[in-house]
Amino acid sequence: MALLRIKEAADLLGVSDDTVRRWIDSGALSASKDSAGRLVIEGRELAALAVEQARTPHTEVGSASSARNRFPGLVTRVVSDKVMAQVEMQCGPFTVVSLMSSEAVRELGLEPGSVALASVKATTVVVERAAG
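Quick note: the sequence shown uses the UniProt record's numbering, first residue 1, plus one each step.
Calculated from the structure, these hints are not laboratory results. Ideal Cβ positions, reconstructed from N, Cα and C, are used throughout, including at glycine. Each hint can be trusted.
Here are the computed distance ranges between Cβ atoms for each label pair: (1) Ala28 - Val83: 45 to 53 Å; (2) Ala122 - Lys7: 25 to 33 Å; (3) Val79 - Arg38: 41 to 49 Å; (4) Gly92 - Leu3: 21 to 29 Å; (5) Gly109 - Arg22: 36 to 44 Å; (6) Leu99 - Gln53: 29 to 37 Å; (7) Lys82 - Glu45: 50 to 58 Å; (8) Gly113 - Val51: 27 to 35 Å; (9) Gln86 - Asp18: 36 to 44 Å; (10) Ser30 - Glu103: 50 to 58 Å; (11) Val126 - Lys33: 29 to 37 Å; (12) Asp17 - Ala47: 12 to 20 Å; (13) Thr95 - Ala28: 26 to 34 Å.
With these hints in hand, go ahead and build the complete structure from the sequences.
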């Protein structure tokens, strides 16, 4: 069973240590002490909280799609030539980069500051486990 210290849990959830402590104090998250007397959180419980906390932001951008990974965000950069374009978006804490035709960029009116929805559908996802 994976046990995570408060700082590790906070880093993984993208919140402060104080937020994790408040969740523990309120009963939203349980913690125990490890052999050194430090507060730790069971990995499974943290994973369940992460799923519960991960809500797709409300947006009017987009339509029905089979893609499950949809990230609303702002276009931050567009680099185009005659045929292809690179579109960079900031979607919350994540940067998403798409390569598409320059024609698609023009048709969609993509430019820095545009609100857009990045939909990701991949057949291969690489998962790595942190060392340690």
